[in-house]
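Asks: Single-letter residue listing:
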Amino acid sequence: MLTGDLLVTRTYKGKIEPVYAALDAEIIGIASSVIDIFQSHVGKTYGALLDEIEELEEIDYRLIRGLASLLERRCMIEMDSTIDPVAARRAVFEECRGIVTGPEERLKVLERTADKLSITPEYLEKALWADREENLVIRQFRAISSEDLLRQYNLSLTQTLLFKATGMEIRISGNYQPVFRKIKQLGLMYSIEQGKIYLDGPISLFKLTERYGTAFAKLLPVIIRSDTWGIKASIIRKTLQGKRVLEFSLDHTKQIFNTDIAEETFDSAIEKEFSTLNFNGWKPRREPAVLKSGQYAFIPDFSLERNGIRIYVEIIGFWTPEYIRNKVQKINQLEEDIVLLVDKNLACSGMEFRADNILYYNKKIPYLELIKILRKYEEKQLQEEVAKTENIEIPSGESVVNLEEVAKRYNIGIEALKRVIDRYKGEYLLFGDQLVNRQTLGTIKNELSGVKRHSEALRIFERYGLKGHTLILQFLGFKVKWSGLDPENAEILASKS
Amino acid sequence: MLIIMELYFSRGTITIKGDIRVPNSSWDERSRTFRAMGMHYKDIIDYLKASGMDFKDNVLDLIPCPELQSSVVLRDYQQQALDAWTASGRRGVIVLPTGSGKTIIGMKAISMLNAPSLVVAPTIDLMNQWRSRLEEEFKIEIGALGGGEQEVKAVTVSTYDSAYIHAERLGNKFALIIFDEVHHLPAEGYRHIAQMFASPFRMGLTATYEREDGLHTELTRLIGGKVFEKKVNELAGEHLSPYHIEKITVGLVREEQEQYNLNQGIFSDYLRKSNLTLKSPADFQKLVMRSGRDPNARAALLARNAARDIAFNSTSKIEKLAEILKNHRESRVFIFTEHNKLVHRISREFLIPAITYRTGGKERSEILERFRAGVYRAVVTSKVLDEGIDVPDADVGIIISGTGSERAFVQRLGRILRKRQGKKAVLYEIVSARTSEVNTAKRRTRTLR
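Line by line, the protein sequences give chains A and B.
Numbering that gives the first Met the number 0 applies: residue 0 is where the first sequence begins, and numbers increase by one.
Numbering that gives the first Met the number 0 applies: residue 0 is where the second sequence begins, and numbers increase by one.
Calculated from the structure, these hints are not laboratory results.
Treat the hints loosely; a few may be bogus.
Restricting the straight-line Cα-Cα distance to at most 35 Å, the calculated cross-link-like pairs of lysine-lysine (DSBU-like) are [what the hints assert, rightly or not]: (1) B:Lys172 <-> B:Lys229; (2) A:Lys329 <-> B:Lys55; (3) B:Lys225 <-> B:Lys278; (4) A:Lys206 <-> B:Lys41; (5) A:Lys237 <-> B:Lys55; (6) B:Lys423 <-> A:Lys107; (7) A:Lys217 <-> B:Lys172; (8) A:Lys115 <-> B:Lys172; (9) B:Lys272 <-> B:Lys16; (10) B:Lys319 <-> A:Lys125; (11) A:Lys206 <-> B:Lys172; (12) A:Lys181 <-> B:Lys16; (13) A:Lys371 <-> A:Lys242; (14) A:Lys282 <-> A:Lys271; (15) B:Lys361 <-> A:Lys217; (16) A:Lys242 <-> B:Lys325; (17) B:Lys272 <-> A:Lys107; (18) A:Lys375 <-> A:Lys362; (19) B:Lys361 <-> B:Lys319; (20) A:Lys115 <-> B:Lys340; (21) B:Lys423 <-> A:Lys242; (22) A:Lys43 <-> B:Lys361; (23) A:Lys12 <-> B:Lys278; (24) A:Lys424 <-> A:Lys480; (25) A:Lys237 <-> B:Lys272.
Which residues of chain A face chain B? A few of them, derived with a C-beta cut under 10 Å, are [as the list claims (entries may be wrong)]: (26) Phe92; (27) Arg131; (28) Tyr197; (29) Phe205; (30) Pro220; (31) Val221.
Glycine included, every Cβ here is placed at the ideal spot set by N, Cα and C.
Construct the entire structure; sequences and hints are all you get.
Replies: Now the structure itself:
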């Protein structure tokens, strides 16, 4: 973050935006000359460094000073004196009662004091002011590339602009937990509407205030670690016409920052374990969404998805019965379904709190119990779909019917569809996801007689568009005899039964 | 179902649970409660009591407080000031000249309420000064916020900056809040302190109530308006040392004058070409804003600063200073300048201890201590010591350079006016002739003439 006087902005039709440093050859060149000056002043005084930087300010003083102030934080600056200047001054002032009125008297005082301290007057004179800023010495400088410096500068410009923000709206995907944790830690308030999160503070209700600007600026580095993000802030600007509120917006498509996306961090080993499990076709996803629970935001740890159903899972570490009760109250206000996983061993006190969809477990993820709960959802979805299949017509007289296509046409699950095909068993038989006409099966059987090579048999199946050839071969009373690894050598035989 | 109204303190605001709207509150959709700023706490309570409403008040969470006994006897005008404050509901601003004992009035108010209190002061020096006075008076440990310290006690001192930062957390912990140098409070940021604290009792202390930007009118709303005032000339002689002001004009040396004219010329050319006049600090701010975009404006501004530097730091002034110092061999001298550069030059040439904003706290109090004790007989300082710090033994003040601010001038005068037997104070002003500084100096003394 920079001081306000170093912020450069552009305003246009009620919008405001920092003038970002372009990462082009010219600006990169400027940045690298500032870096060079720092590099070449290691071992020299801070005053000399400032003088040289000042000469560059002609180019664009706010850019130069902005870059310099970021680079200063990478310097180790120290005093160059073995004598404590405060003590040296005390000795001199005592010697003259804190005043001399002429150069000769001054010299005498310095000589007398130096004598007492057993040093030379020149050394004393140097030590006296060694702690003044311009006399400090740069001991170390941690170098940085011009591009990285400019990206950091752009981020700092944005943060500096946000200092003046009265409110901020954000939109993020992923990274919910860190963002909301930070929001809470910074003492901000939020309200959520259609995925947009409006941020300000308690006092904002009464007046436009910049009080929370610093908090917005501190939140920014967390926001930009989201997969996709956007911010929109109201900025108070003093103009020649008086105070005005301008809009500042920015999103992830503008690649001007050093995001260096942090690795995914898990709250606990359990969460990590959870993310690697396979739940019978349910796909786990981390921090999938912000849910609205009354006035609060709720970000579950995981979602499990299958066939368009989504169940949320929240893993709870340390807890008390009240904590769980509150949590349950919160989730009861959700429209979505959620399962709480509570570690028995992390109870802080008291009895377990019982409610539907709470699983208490011991150290390991309660895999089977969870699958049981998921089965209930699977079954429920199935029932609903079976009900829908009442009106489904499967055309008669086809040789092969692909259930996948039918399911798609009626928008139901394939499992539900299979439950109703009993109605057609006079005409069709089910192999895998396909219904095959009994007559067709007879024709195929005839065609197969006399065929020896497995590959040849497969070509026949292919012609009919059949997929489950192993099952059908078996049904028709054939066996496959494999010899060696080459499928071309496999043969089919009519089994004895 | 009957819902009992409940009031809570929530990060600088009062939330009102139970569906009743009280004065100064607004509905907050985020929390689904009515909400009001902390400063309206007392009004809300008064309103509910007057309406005979039943309510539960959870707002204040005061720090446990020991007995706060004070044995100080107030002077007549101090007692009048305290009475006036009490009569206006223990709210409002007391305006008294520097050196007239405002700290004592504050301490008396604390012991009168005998309740947890926060004292807010603009600088770390001033904060530390309050702390040692309070420790001496009440014989308890005093909390401090600011200058690297963060300890909250029943009686706590704080800087304005720290009080601003911690208002959300500490706003309901003190019954009384005292703002020393209260003219700082109406500034946009600091105003939040008064607004977010729920403390029902509030006192402001200052020697200079009016602000040049007119914002002092805000004080009425924030802590109560002016309840008592006495001017320097009403107290001089009887309670403060008699004083006189001596203005000395010096010419610039030749090269300085040439450089001055050159730079001042660039500046006034720019003003003329762009049709600007500088009449108020606001005009000047406009110019500063313009300089961000317009390189000519920036060049003009830099030239003006260079010219001022020359006028303020002229060699003739240094020679004049040497002369004054020679004439006051037995006096205690305080030297004020506008720029740190000049502070250092004087410190180096005359071996006078210097205090700037960079001087560490320990060295700073050591220098002041030794000045009081007479070990050092001069101190040179920039703006940092303008306010409040006691230097009762100074009898000569020398202003080498300063702004046109009347307040700074009155305060600098105050530094040397504390009453002492047989003391006759003198304040020198050294001004460069034929420069803009002549007008600057005129502006700052207008009420004294």
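Asks: For every hint, state whether the structure bears it out.
Replies: Hint by hint, here is what the structure shows:
Pair hint B:Lys172 plus B:Lys229 holds up; C-alpha atoms about 32 Å apart against a cutoff of 35 Å. Between A:Lys329 and B:Lys55 the alpha-carbon distance is near 26 Å, which keeps this suggested pair within the 35 Å criterion. Between B:Lys225 and B:Lys278 the CA atoms are separated by roughly 28 Å; this keeps the pair inside 35 Å, and the hint holds. Annotation: proposed proximity of A:Lys206 to B:Lys41 holds, straight-line Cα distance about 20 Å (limit 35 Å).
The hinted pair formed by A:Lys237 and B:Lys55 fails the criterion: a straight-line CA distance of about 43 Å is larger than 35 Å. A threshold of 35 Å between alpha carbons decides the hint, and for B:Lys423 with A:Lys107 the separation of about 33 Å falls inside it, so the pair holds. As the CA atoms of A:Lys217 and B:Lys172 are separated by approximately 27 Å, the hinted pair is consistent with the 35 Å bound. A distance of roughly 54 Å separates the Cα atoms of A:Lys115 and B:Lys172; the hinted pair therefore is violated under the 35 Å criterion.
A C-alpha spacing of about 61 Å is found between B:Lys272 and B:Lys16, which places the hinted pair above 35 Å, so the restraint is violated. Straight-line distance between C-alpha atoms of B:Lys319 and A:Lys125 comes to about 27 Å, which keeps the hinted pair within the 35 Å bound. Annotation: proposed proximity of A:Lys206 to B:Lys172 holds, straight-line Cα distance about 24 Å (limit 35 Å). At most 35 Å may separate the alpha-carbon atoms for a hinted pair to count; A:Lys181 and B:Lys16 meet this at roughly 27 Å.
Of the supplied pair hints, the one linking A:Lys371 and A:Lys242 is violated, its CA atoms being roughly 61 Å apart against a limit of 35 Å. At most 35 Å may separate the alpha-carbon atoms for a hinted pair to count; A:Lys282 and A:Lys271 meet this at roughly 14 Å. Between B:Lys361 and A:Lys217 the alpha-carbon distance is near 33 Å, which keeps this suggested pair within the 35 Å criterion. Simply put, A:Lys242 and B:Lys325 have alpha-carbon atoms about 53 Å apart, too far for the 35 Å limit, and the pair is violated.
Of the supplied pair hints, the one linking B:Lys272 and A:Lys107 is violated, its CA atoms being roughly 54 Å apart against a limit of 35 Å. Only pairs whose Cα atoms come within 35 Å are accepted, and A:Lys375 paired with A:Lys362 is accepted, the gap being roughly 24 Å. For the suggested pair B:Lys361 and B:Lys319, the alpha carbons sit about 32 Å apart, so the restraint of at most 35 Å is met. Annotation: proposed proximity of A:Lys115 to B:Lys340 holds, straight-line Cα distance about 29 Å (limit 35 Å).
For the hint pairing B:Lys423 with A:Lys242, the CA-to-CA distance comes to about 49 Å; that exceeds 35 Å, so the pair is violated. Simply put, A:Lys43 and B:Lys361 have alpha-carbon atoms about 28 Å apart, close enough for the 35 Å limit, and the pair holds. For the given pair, A:Lys12 sits about 31 Å from B:Lys278 by alpha-carbon distance, which is consistent with the 35 Å threshold. With a CA separation close to 31 Å, the supplied pair A:Lys424 and A:Lys480 stays within the 35 Å bound.
Distance hint between A:Lys237 and B:Lys272 is fulfilled; the C-alpha atoms sit about 24 Å from each other, no more than 35 Å. Taking 10 Å as the C-beta contact cut-off toward chain B, the hint placing A:Phe92 at the interface holds, the least distance being around 5 Å. For A:Arg131, the interface hint holds, since its Cβ comes within 10 Å of a Cβ in chain B; the closest pair sits about 7 Å apart. For A:Tyr197, the interface hint holds, since its Cβ comes within 10 Å of a Cβ in chain B; the closest pair sits about 9 Å apart.
Taking 10 Å as the C-beta contact cut-off toward chain B, the hint placing A:Phe205 at the interface holds, the least distance being around 5 Å. Against a cut-off of 10 Å between C-beta atoms, the interface hint on A:Pro220 is violated, since the closest Cβ of chain B lies about 21 Å away. For A:Val221, the suggested interface contact is broken, since its CB lies about 21 Å from the closest CB of chain B, more than 10 Å.
The structure fails hints 5, 8, 9, 13, 16, 17, 21, 30, 31 (numbered hints given earlier, in ascending order).
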